[in-house]
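Mind docking chain B with the ligands on chain A? Use the hints.
Heads up: the sequence lines are chains A and B, in that order.
So for the first sequence, our numbering puts the first residue at 1; every next one is plus one.
So for the second sequence, our numbering puts the first residue at 1; every next one is plus one.
Any given hint could be a false lead.
Said to hold, decoys possible - Straight-line distance between alpha carbons at most 30 Å, and here's what the computed DSSO-like set of lysine-lysine pairs gives:
1) B:Lys78 to B:Lys243
2) B:Lys59 to B:Lys159
3) B:Lys243 to B:Lys228
4) B:Lys184 to B:Lys228
5) B:Lys78 to B:Lys187
6) A:Lys22 to B:Lys138
7) A:Lys159 to B:Lys59
8) A:Lys18 to B:Lys138
9) B:Lys184 to B:Lys159
10) B:Lys119 to B:Lys189
11) A:Lys159 to B:Lys113
12) B:Lys138 to A:Lys159
13) B:Lys208 to B:Lys240
14) B:Lys228 to B:Lys208
15) B:Lys159 to B:Lys75
16) B:Lys59 to B:Lys78
17) B:Lys119 to B:Lys75
18) B:Lys189 to B:Lys208
19) B:Lys267 to B:Lys208
20) B:Lys59 to A:Lys18
21) A:Lys22 to A:Lys159
22) B:Lys119 to A:Lys18
23) B:Lys187 to B:Lys228
24) A:Lys159 to B:Lys75
25) B:Lys19 to A:Lys159
26) B:Lys184 to B:Lys138
27) B:Lys208 to B:Lys187
Keep in mind the hints are simulated off the structure, nothing from the lab.
Computed from a predicted model, the values in this text were never measured in an experiment.
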Amino acid sequence: MFNGMCAVLYRELTIYRKRALKQILSSSLSPLLFLIAFGWGFGSGVTVGGLSYISFLIPGLITMNSLNQSFAISAEINISRFYFHTFDEYLIAPVSLVGIAVGEASFGVFRGLLATMIIFIYAFLFNVPLSFNPLFILAILLHTFIFSFLAVTTSMIVKDHSGQALVNNFVITPMIFLCGTFYPIDKLPHAFKLLVYAFPLTYSTKVIRAALTGGQVSFIYVGLMVFYCIIFFLTSLWALRSVEA
Amino acid sequence: MDNLINNILTVAGLRKNYKGKTAVDGVSFSFSPGEFVGLLGPNGAGKTTTIKMLTGLIKPSSGMIYYYGIDFYEKSQKTKALIGVVPQQNNLDRDLTAYENLYLHAIAYGIPKALRREKIDELLDFSGLTGYRNRPVKQFSGGTMRRLVILRALLHDPKILFLDEPTVGLDPQIRRVIWDFIVKINKMKNTTILLTTHYIEEAERLCKRVLIINNGLIIVDGDPEQLKDGMGRFVLEVYKDDKVDEEFFDSRQEALAALENSTFTAKVRGVTLEDVFLRLTGRRINV
Ligand SMILES: Nc1ncnc2c1ncn2[C@@H]1O[C@H](COP(=O)(O)OP(=O)(O)OP(=O)(O)O)[C@@H](O)[C@H]1O
Ligand SMILES: [Mg+2]
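If we strip away everything but chain A, and leave its shape as in the complex, we get (with noise of 0.2 Å):
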């Protein structure tokens, strides 16, 4: 297990070393509009559930940043396979699947705790209060975990590039509109909050945003997000096993 989740961590992150500012730059823009049209736009005297807006926003911006990075390797992993081949060195090598499984998604993770770092610079700068904790620290990972793992799986079903695209725009963009990143779901119509609860991200946004803003964390979210990273592993695996090159 160690040796393939070694490999694809070495290679990731040699490459990723060679591009990091680049890709740090990229990862801190969009936040940063985000910020400054809800942030500044709405004006300080907006609050949500008892919290200023950008005290609730920053934490929306965390989860859609760490998301987005995360999910980021998906796209990537595709490259790999279909314009390179290089991810066909993996499947030739002695190395057991979690191995792969592990080593990208743990590089994922690592993608999105760098933009979750980002965002709290942005905190710092805007002067927003974010209380920083073991529960958010646990969150954060459980979070990145799941769609790093989300990531692996897709990229190993889509046949094409286009197939990646349309993941991106049918689930990605807008589980990030509609899961609570930018304003509190009970506004939303019923049908809506279905389809809402279905999604990973309601979860995470509303464990870290409590973990963050020192508001009550619920248990229950905690363990669905448990549940939803080992679904996620277990799809990555089977999806893995089922590759062909």
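Just chain B with the ligands, lined up with the frame of chain A:
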């Protein structure tokens, strides 16, 4: 059963169906350690599909694969360690340097950390690529990339090396360099080699044994020299109007005598595996 354990590779009834199409139609063969075998066939014959099944990149629709009598699909991690693969398309990481590509491979194949650097440098030296060690692969020429892919496949000292069209698209001079390199690997490391090609010359020059594959079926398995002997060693090509007649002879003298007597434009040449293929299938390997 004895043979199963002694043969490095035994394949029985290997088949691959794609939707509505059979790419490999039940092939069987076995290799002794150290053999140098060519899998020769036209485009689309099923060479790559065969190699992919033998190396675990695709799953066979049916059939058995054993390495030293060990079932490949039951013990795939154990058997994969015995295999080196040079795929038809170069699959190096273009953003990594030659060294980093090899290092990645060393990790995946469980080469102990303390030995990695030494093994890599030793191999770079063996293949004369030391000068490329720290350059990103995307700057390499086709021939250099190809050599690096072969080198990478050797890093974990495989017992059997699969090369899928190792010299396709390379100029004749580089092709020769690669041929010499592969022969050197076979001789010095006693690595068993299965090389696919649709170049007649490549199969004839390198391989002590050729499997000729056509439409997913192996139609011939033998020593290229003996196969050619079976045809007669010399051909008289007679150009009549717009078609070419071929007559086979056992010796040059007989062929030349027939040439003397011919009233048409004609020439004598040696028999090649192309003639063997043509006789069996009614068409040419390379059109
Ligand atoms: N993924 C696939 N889906 C459907 N058909 C396929 C697939 N891969 C290969 N084939 C078909 O199977 C047959 C054998 O292909 P294969 O690539 O094994 O041939 P090859 O002998 O390697 O040819 P070449 O010399 O062109 O590399 C071809 O007819 C090809 O079109
Ligand atoms: Mg091929």
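Hints, verified against the model:
1. B:Lys78 to B:Lys243: Violated. Lys78 (chain B) to Lys243 (chain B) sits at ~55 Å, over the 30 Å cutoff.
2. B:Lys59 to B:Lys159: holds, 22 Å
3. B:Lys243 to B:Lys228: Judged against 30 Å, a Cα distance of about 23 Å means the pair holds.
4. B:Lys184 to B:Lys228: With a Cα-Cα distance of about 26 Å, the restraint between Lys184 (chain B) and Lys228 (chain B) holds, given a limit of 30 Å.
5. B:Lys78 to B:Lys187: holds, 25 Å
6. A:Lys22 to B:Lys138: holds, 19 Å
7. A:Lys159 to B:Lys59: holds, 17 Å
8. A:Lys18 to B:Lys138: holds, 14 Å
9. B:Lys184 to B:Lys159: Since the Cα atoms of Lys184 (chain B) and Lys159 (chain B) sit roughly 14 Å apart, the hinted pair holds (cutoff 30 Å).
10. B:Lys119 to B:Lys189: holds, 14 Å
11. A:Lys159 to B:Lys113: Violated, because 36 Å separates the two Cα atoms, which is more than 30 Å.
12. B:Lys138 to A:Lys159: holds, 26 Å
13. B:Lys208 to B:Lys240: Since the Cα atoms of Lys208 (chain B) and Lys240 (chain B) sit roughly 36 Å apart, the hinted pair is violated (cutoff 30 Å).
14. B:Lys228 to B:Lys208: The hint holds at about 13 Å.
15. B:Lys159 to B:Lys75: holds, 16 Å
16. B:Lys59 to B:Lys78: It holds: about 17 Å lies between the C-alpha atoms, which stays within 30 Å.
17. B:Lys119 to B:Lys75: Since the Cα atoms of Lys119 (chain B) and Lys75 (chain B) sit roughly 27 Å apart, the hinted pair holds (cutoff 30 Å).
18. B:Lys189 to B:Lys208: Answer holds: Lys189 (chain B) to Lys208 (chain B) is near 17 Å, not above 30 Å.
19. B:Lys267 to B:Lys208: Given pair Lys267 (chain B), Lys208 (chain B) holds - Cα atoms ~28 Å apart, limit 30 Å.
20. B:Lys59 to A:Lys18: violated, 36 Å
21. A:Lys22 to A:Lys159: Answer holds: Lys22 (chain A) to Lys159 (chain A) is near 28 Å, not above 30 Å.
22. B:Lys119 to A:Lys18: The given pair, whose Cα atoms are some 25 Å apart, holds under the 30 Å limit.
23. B:Lys187 to B:Lys228: holds, 25 Å
24. A:Lys159 to B:Lys75: holds, 28 Å
25. B:Lys19 to A:Lys159: holds, 15 Å
26. B:Lys184 to B:Lys138: Holds - the C-alpha atoms of Lys138 (chain B) and Lys184 (chain B) are around 27 Å apart, at most 30 Å.
27. B:Lys208 to B:Lys187: Distance ~13 Å between Lys208 (chain B) and Lys187 (chain B) Cα, so the pair holds.
The structure fails hints 1, 11, 13, 20 (numbered hints given earlier, in ascending order).
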